[in-house]
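Construct the entire structure; sequences and hints are all you get.
From first to last, the protein sequence lines are chains D and B. Just so we're aligned, residue 40 is where the first sequence starts under the working numbering, counting upward by one. Just so we're aligned, residue 10 is where the second sequence starts under the working numbering, counting upward by one.
Don't read these hints as lab results, they were simulated from the structure. Just so you know, even glycine gets a beta-carbon here, dropped at the ideal spot from N, CA and C. Keep in mind that a hint or two might mislead.
[To be verified] Under 8 angstroms between C-beta atoms, here's a sample of chain D residues computed to sit facing chain B:
id: 1; residue: E202
id: 2; residue: L203
id: 3; residue: I222
Spelled out, the chains give:
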Amino acid sequence: MNITTLLNAMPGACAQGLIWGIMAIGVYITYKILDLADLTVDGTMCTGGAVCIMMMLNGQSVGVSLLCAFLAGMLAGLVTGIFHTAMGIPAILAGILTQLGLYSVNLRIMMGKSNQALSVDKYNLLVSLRYVKGVPFYQNSIFVVMIFILVIIAALYWFFGTELGCSIRATGSNQNMSRAQGINTNTRKIIGLMLSNGIVALASGLYAQYQGFADVNMGRGAIVIGLAAVIIGQVVFGKIRGNFAFKLFAVALGAIIYYLVIQVVLWMGLNSNDLKLLSALVVAIFLAIPYMKGKYFAKGIRKGGSANA
Amino acid sequence: MLKITGVKKTFNAGTINEKAALRGLNLTLNEGDFVTVIGGNGAGKSTMLNAIAGVWPVDEGSIFIDDINVTKLPEHKRASYLGRVFQDPMTGTAASMMIEENLALAARRGARRGLRQGITNSEREEYKERLKILDLGLEERLTSKVGLLSGGQRQALTLLMATLKRPKVLLLDEHTAALDPKTAAKVLDATDRIVSKDNLTTIMITHNMKDAIVHGNRLVMMYEGRIIYDVAGEEKKSLKVSDLLAKFEQVSGGEFANDRMILA
Numbered sequence: 040m041n042i043t044t045l046l047n048a049m050p051g052a053c054a055q056g057l058i059w060g061i062m063a064i065g066v067y068i069t070y071k072i073l074d075l076a077d078l079t080v081d082g083t084m085c086t087g088g089a090v091c092i093m094m095m096l097n098g099q100s101v102g103v104s105l106l107c108a109f110l111a112g113m114l115a116g117l118v119t120g121i122f123h124t125a126m127g128i129p130a131i132l133a134g135i136l137t138q139l140g141l142y143s144v145n146l147r148i149m150m151g152k153s154n155q156a157l158s159v160d161k162y163n164l165l166v167s168l169r170y171v172k173g174v175p176f177y178q179n180s181i182f183v184v185m186i187f188i189l190v191i192i193a194a195l196y197w198f199f200g201t202e203l204g205c206s207i208r209a210t211g212s213n214q215n216m217s218r219a220q221g222i223n224t225n226t227r228k229i230i231g232l233m234l235s236n237g238i239v240a241l242a243s244g245l246y247a248q249y250q251g252f253a254d255v256n257m258g259r260g261a262i263v264i265g266l267a268a269v270i271i272g273q274v275v276f277g278k279i280r281g282n283f284a285f286k287l288f289a290v291a292l293g294a295i296i297y298y299l300v301i302q303v304v305l306w307m308g309l310n311s312n313d314l315k316l317l318s319a320l321v322v323a324i325f326l327a328i329p330y331m332k333g334k335y336f337a338k339g340i341r342k343g344g345s346a347n348a
Numbered sequence: 010m011l012k013i014t015g016v017k018k019t020f021n022a023g024t025i026n027e028k029a030a031l032r033g034l035n036l037t038l039n040e041g042d043f044v045t046v047i048g049g050n051g052a053g054k055s056t057m058l059n060a061i062a063g064v065w066p067v068d069e070g071s072i073f074i075d076d077i078n079v080t081k082l083p084e085h086k087r088a089s090y091l092g093r094v095f096q097d098p099m100t101g102t103a104a105s106m107m108i109e110e111n112l113a114l115a116a117r118r119g120a121r122r123g124l125r126q127g128i129t130n131s132e133r134e135e136y137k138e139r140l141k142i143l144d145l146g147l148e149e150r151l152t153s154k155v156g157l158l159s160g161g162q163r164q165a166l167t168l169l170m171a172t173l174k175r176p177k178v179l180l181l182d183e184h185t186a187a188l189d190p191k192t193a194a195k196v197l198d199a200t201d202r203i204v205s206k207d208n209l210t211t212i213m214i215t216h217n218m219k220d221a222i223v224h225g226n227r228l229v230m231m232y233e234g235r236i237i238y239d240v241a242g243e244e245k246k247s248l249k250v251s252d253l254l255a256k257f258e259q260v261s262g263g264e265f266a267n268d269r270m271i272l273a
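Here it is as structure tokens:
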């Protein structure tokens with residue numbers, strides 16, 4: 040175990056964590072704001088990359104490619120939204136159906152191949168694992184992704200403060216109340232799902248560039264990583280009172296922490312095949328904490344609690 | 010103002026749990042009517058309000074609000090004509106949002122929600138003034154999360170939200186039933202003040218017969234999905250709880266003797 044190996048891996052882990060931070064912000068919109076668990080993202084986390092890589096291979100600029108990745112993600116969200124609202128399928132199942140369908144769609148996008156590579160030498164990429172060290176700071180992937188995150192947070196902060204954004208938050212908070220106040224809860228859910236999946240697909244487009252290829256399996260388990268980031272962000276920074284923008288930023292930081300921890304356990308010798316098992320267990324434990332706190336650790340157990348505790 | 014004709018609604022039709030909740034309901038409200046509704050459990054009181062609000066489509070009949078046929082309109086579209094307060098204090102407000110945000114949502118009932126600011130500074134001033142009517146000190150807590158309020162405070166806030174934008178009809182579904190007597194009296198008091206100030210056409214369901222007599226200008230009694238007694242004006246004012254009980258006994262053949270309204 041050489042500590043320099045670990046230190047050398049850190050910038051890469053940061054960049055990767057930040058890209059997944061964008062993805063986790065997308066998950067935050069459905070999981071926290073809309074109160075829906077949307078499993079579509081496992082599919083869109085590949086769709087965005089596939090669209091982005093294929094368009095760049097066909098000579099489109101990186102900007103146009105990322106925009107199209109975003110739009111493709113929104114389309115996937117729309118499908119899940121229609122499954123859920125117009126067809127009355129429970130949200131989790133609707134997401135799983137879209138995700139499954141997307142597997143075929145993603146293969147079609149990638150011309151039937153399960154993997155499409157994009158060489159950083161031949162194309163002008165925004166981010167790449169080659170750009171984390173030894174490049175000017177404005178070219179550094181960590182810097183570039185950070186700019187993306189700040190712009191996305193600013194845009195979401197503005198959007199969820201508008202009349203439309205407020206009505207989406209109200210829908211997630213209380214559907215009965217929302218309808219009584221004249222809000223069409225179905226369209227709000229669809230808008231939220233589209234926005235969320237659009238952001239996830241954008242993250243996917245960046246991630247595919249970063250690793251230099253799009254792979255049909257790159258989205259597998261994405262929801263778990265997204266949830267892990269949301270929960271870690273909440274647990275670590277939850278005590279700090281902050282506005283909505285800060286909460287989104289905490290989610291992105293949560294993703295970085297997740298990747299740094301992963302880097303450390305890999306360095307300590309964990310078989311990378313066991314990584315998904317570890318992720319699943321970690322998320323399960325964090326999800327269980329609020330419930331177990333209430334059930335097994337009743338109030339008053341803390342110092343200064345009531346005397347009869 | 011509100012005209013309900015021949016409305017029928019059966020739940021779980023064709024199963025053992027089949028329940029004919031409304032069996033040809035007719036009710037016409039005039040502008041400014043404040044109607045109290047009483048009746049036993051399962052008489053169809055809440056079902057009537059839900060039919061007006063459009064929570065689900067009715068099987069038969071029609072509902073007009075101000076000569077507009079709303080029978081086929083979905084719930085969120087009818088909302089522009091209606092103000093609603095529910096029995097459960099949790100139902101009427103968004104707990105994770107601030108008091109001012111809840112009010113701002115209510116102020117836009119029936120309006121297009123676009124990309125303008127969700128709440129403006131001038132609105133905040135207005136809400137402060139409006140909250141003073143409730144006399145609960147909420148005007149100092151505009152940015153508190155609604156989830157931190159008590160049941161009574163939430164119910165009073167819901168009432169304010171329901172009337173912030175003048176509704177054509179105000180629907181109150183036992184909105185004080187879940188509150189302790191003192192808070193209930195306070196919320197009822199606020200109800201009276203707001204309804205009379207804006208001269209709102211109101212339907213109020215209650216299990217408390219005294220309240221049903223004291224409040225409003227008209228009283229209807231429901232039984233098995235229909236209105237069986239409708240009284241207004243002087244005759245209503247002179248009613249006593251014993252009169253209503255006798256009426257219940259008469260229509261139901263004594264079945265109300267065990268009903269919880271007797272405790273009221």
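Holds or violated: is the Cβ of I222/D closer than 8 angstroms to a Cβ in chain B? Check passed: Cβ of I222/D comes within 6 angstroms of chain B, closer than 8 angstroms.
Quick check on the hint: E202/D CB to chain B CB, less than 8 angstroms? Constraint on E202/D satisfied, holds at 4 angstroms.
If you take the shortest Cβ to Cβ gap from L203/D to chain B, is it below 8 angstroms? Cβ of L203/D sits 5 angstroms from chain B, so the hint holds.
Of the numbered hints given earlier, the model fails none.
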